[in-house]
Amino acid sequence: MGAGVPLVDVVLDVRHVTLRFAGLVAVSDLSLSVRAGELLGIIGPNGAGKTSVLNCINGFYRPQAGRIRFLDRDVTRLLPHTRAALCIARTFQNIALYPHMTVLQNILSGRLVHMRSSLMGCGVYWGFGQREVLRHRERVEEIVDFLEIEAYRDARVGELPYGIQKKVELGRALAMEPRLLLLDEPMAGMTVDEKLDMARYILELREVRGLPMVLIEHDMGVVMDLCDRILAMDYGRKIAEGPPEEIQNHPDVIRAYLGEEHGLAEEVAGR
Amino acid sequence: MAYARPCGDFKTSYAQDMALLDVRLYRAGFLLLLAGLLAAPWLLGRWLFLLNDIAIFAIGATGLSLVMGFAGQISLGHAAFMAVGAYTSWFVTSELRWPFVVALPASALVAFAVGAVVGLPSLRIKGLYLAIATLAFQFLVEYLIVQTVSGMGGTPVPPMDLLGVPVDTEVRFYYLALAVWVGGAVFATNLTRTRVGLALMAVRDRDYAAQVLGVNLLYYKTLAFALGAAYAGVAGSLFAHYNRVIGAEHFSLAQSIDYVAMLVIGGLGSVWGPHLGAAFVRTLTQALKIAAPLLAASVPMLGRATTSVREVVFGAILIALLIWEPGGLATLLRKLKRYVDLWPFPH
Amino acid sequence: MTPQFVLEGTVVGLAVGSIYALIAVGFAVLYKSTKILNLAHGELVLFGGYLAIALTTAAGHLPAPLAFGLGVAGTLVAAAALGFGVERAVMRPLFGQPLLSVIIVTLALGYVIRGVMVGIWSGETRTFPLVVPPVVVRVASVPVPLVGVWSAAAAAALLVLFSLFFRYTRWGVAMRAAANEQLTASALGVSLRRVFAYAWAFAAIAGAVGGILLGLWLGVNFALAAVGLKALAALILGGLDSIPGAIVGGLVVGVLETIVGGYIDAHVRLFGHPLHGFKEVTAYLVILLVLMVRPYGLFGTEHIERL
Chain L
1 MGAGVPLVDV
11 VLDVRHVTLR
21 FAGLVAVSDL
31 SLSVRAGELL
41 GIIGPNGAGK
51 TSVLNCINGF
61 YRPQAGRIRF
71 LDRDVTRLLP
81 HTRAALCIAR
91 TFQNIALYPH
101 MTVLQNILSG
111 RLVHMRSSLM
121 GCGVYWGFGQ
131 REVLRHRERV
141 EEIVDFLEIE
151 AYRDARVGEL
161 PYGIQKKVEL
171 GRALAMEPRL
181 LLLDEPMAGM
191 TVDEKLDMAR
201 YILELREVRG
211 LPMVLIEHDM
221 GVVMDLCDRI
231 LAMDYGRKIA
241 EGPPEEIQNH
251 PDVIRAYLGE
261 EHGLAEEVAG
271 R
Chain E
1 MAYARPCGDF
11 KTSYAQDMAL
21 LDVRLYRAGF
31 LLLLAGLLAA
41 PWLLGRWLFL
51 LNDIAIFAIG
61 ATGLSLVMGF
71 AGQISLGHAA
81 FMAVGAYTSW
91 FVTSELRWPF
101 VVALPASALV
111 AFAVGAVVGL
121 PSLRIKGLYL
131 AIATLAFQFL
141 VEYLIVQTVS
151 GMGGTPVPPM
161 DLLGVPVDTE
171 VRFYYLALAV
181 WVGGAVFATN
191 LTRTRVGLAL
201 MAVRDRDYAA
211 QVLGVNLLYY
221 KTLAFALGAA
231 YAGVAGSLFA
241 HYNRVIGAEH
251 FSLAQSIDYV
261 AMLVIGGLGS
271 VWGPHLGAAF
281 VRTLTQALKI
291 AAPLLAASVP
301 MLGRATTSVR
311 EVVFGAILIA
321 LLIWEPGGLA
331 TLLRKLKRYV
341 DLWPFPH
Chain A
1 MTPQFVLEGT
11 VVGLAVGSIY
21 ALIAVGFAVL
31 YKSTKILNLA
41 HGELVLFGGY
51 LAIALTTAAG
61 HLPAPLAFGL
71 GVAGTLVAAA
81 ALGFGVERAV
91 MRPLFGQPLL
101 SVIIVTLALG
111 YVIRGVMVGI
121 WSGETRTFPL
131 VVPPVVVRVA
141 SVPVPLVGVW
151 SAAAAAALLV
161 LFSLFFRYTR
171 WGVAMRAAAN
181 EQLTASALGV
191 SLRRVFAYAW
201 AFAAIAGAVG
211 GILLGLWLGV
221 NFALAAVGLK
231 ALAALILGGL
241 DSIPGAIVGG
251 LVVGVLETIV
261 GGYIDAHVRL
271 FGHPLHGFKE
281 VTAYLVILLV
291 LMVRPYGLFG
301 TEHIERL
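Protein chains in written order, with the working numbering: chain L, 1 to 271; chain E, 1 to 347; chain A, 1 to 307.
The shape of chain L in the complex, shown without the other chains (with noise of 0.2 Å):
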């Protein structure tokens, strides 16, 4: 996409981040670090503070302790949409789409960002206004194509069924540009087929395209597949980070995943 790879290495540094809700810690101490066109895996049980993490990225939670930095820039105060005006784009874990709206709409809201109009230019639109949704109307258009959802372009998105509504919260996510995207459990519920699907869209993105990426899923086997690196956490902490084969044997992590009550549920629940 557009915005290329930034030439620093590290796009994404989070240092010793803490954060608090009322006595519970959802994360703690927590660091991590994303190099650019890397894809990194975070897994962990159910409550470990996997999109908790997530939320303090893009400034949904501000934590208590903690610095973050995005290419090289100060972002721990930011607000969330100063953090999406830098193109970190994201998508939810129980999709967060516009559902009254179709699915081009909700597409070209991701472009939002890039937008520039002026409220007159908007209301008058002829001219500025209507070239300039035309101009991103086409970016739209080549992210539908990307995603082989043709088909849908009008359908409202309330409608349509899960598998279709996680790719188009995808392509929302795409419609920013982002220089780092942050996916939620984006395989979550799905079918095998639209598991392929997923994850095929995100190695071309990270192939193709260099998009650095944060990834939470449950499904191990993608996760082992994808990433270049994961980071396992259990109750906010992080309990082991490296390489998929040697996260796959690391006793902690077998520990947090089969050693206790919410491991097991989660598994059973995760199938």
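Among the clues, some could well be false.
Chain E is faced by these chain A residues, among others (derived, beta-carbon under 8 Å) [what the hints assert, rightly or not]:
(1) ALA73
(2) GLY74
(3) LEU76
(4) LEU288
Quick list of the computed label-pair ranges, beta carbon to beta carbon [to be verified]:
(5) ARG194/A <-> TYR339/E: 37 to 45 Å
(6) ALA291/E <-> HIS276/A: 52 to 60 Å
(7) ARG244/E <-> GLN4/A: 45 to 53 Å
(8) ARG294/A <-> LEU218/E: 14 to 22 Å
(9) ALA58/A <-> PHE21/L: 54 to 62 Å
(10) ALA81/A <-> LEU218/E: 28 to 36 Å
(11) ILE120/A <-> LEU31/E: 48 to 56 Å
(12) ALA153/A <-> SER94/E: 29 to 37 Å
(13) ALA223/A <-> LEU33/E: 27 to 35 Å
No lab work stands behind these hints: they were computed from the structure. From the three backbone atoms N, C-alpha and C, an ideal C-beta is built for every residue, glycine too.
Please arrange chains E and A on chain L, whose structure you already have, making use of the hints.
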């Protein structure tokens, strides 16, 4: 280009696909509607006042549709913004003695500013709480009007003058109101298909997602309120000079609820909704106003029961619509459009 | 503001406030168990006041206390029936609809109820036939009409009765369970339909009793519907989902509007205009201030969003 059916008809550019009236039949229909509106003084004769009344409230309802239908923020104080516009217009023309061409934009601007201030809390206050806050705002404005400017009576407003031409007949007012109405409606419709509209709908549908996709919630929620208020301000200004007297009862809570009713009846989140709703609600109001005394005279047994017919009929229509056709008249229109699209096949 | 003025305001304010509290509790129970904010609550208050007066007057040939008792009993039965009816005919078909639709439906419902009442009773001020002798008694050296004392005492007694109901009876507990977690409660065998129906009946009864008590004291006219909104202010102040909050909120609103509102009413001028009737808008100012500073009220629970 197909004449009626879009089936099997291919669009060759995105501009065509984004066009508001994408089939020749609809374009013809719209032109016919415009022609009808232009010829209305001859068609309606002495009933033209109905259309003037509808025009004023349709402008106001268009504003509320931006706030409620597109940005999804509940407002139970829309009539109060109309009051802000009306009293600004009164102040500019009557106290400052400036012409109406200044008063109209001034009303829009002042209402815009007040709307922005009222909209500010919408970042922290959501849903129910916001509805209650706007309700409180409505009462405070009514109270201020009664206590400071108008008292229990009304405030006279000077007649209108458009660059030296007195706007002193129903017909003249009609063409002025029609221009503002169509202009305002087109502006709002364009907003809904560009940056502003997309952002507002994103806020409506899922505000936290909108936020992480780069939508500044505070800015857009405030903008929605400010824009909505500006439309109400314009409606207020027109109303003031049309009615020639303004008072608290014109901008009461009941009027705010009427606005909400217009939107619900017309269809929330549809560009046609506010116009259909305003036409329906105002026509019904005027019809009942005319019919109630006749009814009371012919069936004396009903007596004073007829005075409240409007409220009961209104409430009943609202409830029935929300239960059976939550999409309002606009959805019925869309169903009709679908039927025309697919004709002669049933599905 | 003399100490005497504050003392008088407090006593009278608490008396009025206890009635607001009663109405607000009806509001709160309905909100807690159904998540519906009933903007027709003021109309339920009106309904109670008008109907009780009409029934009492109709039974005027009986001794006054008996007529009044019959009037109240009839009104309570009618209010419960109205509550059940509204739930069955209007609210049940709307189950699961968006917040906006439900709010608008309650507004529309208010229109209908009020319209019907205007049609029947034409909206003039009406008073009860003499039930309580029109004497003035002294409470903490402050003169208060006996009616006020009676109304306040009745409201307080009912508040106690209600809290016992919610604590100890089967349906009270079921309603509290449903308020906490609708799905869990229904999985555990609580019939949500019945809970909703009871909540509506309860809200209508509480509103009607409030209308009767205020009517005894001040007479009933259409301005009384605004009391529904004062109860809303009480509820916001206490926190929408807190019943003790509704009670405290009601008392505070009563005292505030009597003291602050009464003072501004009499002494403060805006652009040279005296602010008559400021008492009536004090409640709305309370709403706005509370929403700005502490949107979840004094006792309400803050809602944390999860992604």
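Verification of the hints:
no. : hint                              : result
1   : ALA73                             : violated (27 Å)
2   : GLY74                             : violated (22 Å)
3   : LEU76                             : violated (24 Å)
4   : LEU288                            : holds (5 Å)
5   : ARG194/A <-> TYR339/E: 37 to 45 Å : holds (43 Å)
6   : ALA291/E <-> HIS276/A: 52 to 60 Å : violated (37 Å)
7   : ARG244/E <-> GLN4/A: 45 to 53 Å   : holds (49 Å)
8   : ARG294/A <-> LEU218/E: 14 to 22 Å : holds (19 Å)
9   : ALA58/A <-> PHE21/L: 54 to 62 Å   : holds (60 Å)
10  : ALA81/A <-> LEU218/E: 28 to 36 Å  : violated (47 Å)
11  : ILE120/A <-> LEU31/E: 48 to 56 Å  : holds (50 Å)
12  : ALA153/A <-> SER94/E: 29 to 37 Å  : violated (54 Å)
13  : ALA223/A <-> LEU33/E: 27 to 35 Å  : violated (44 Å)
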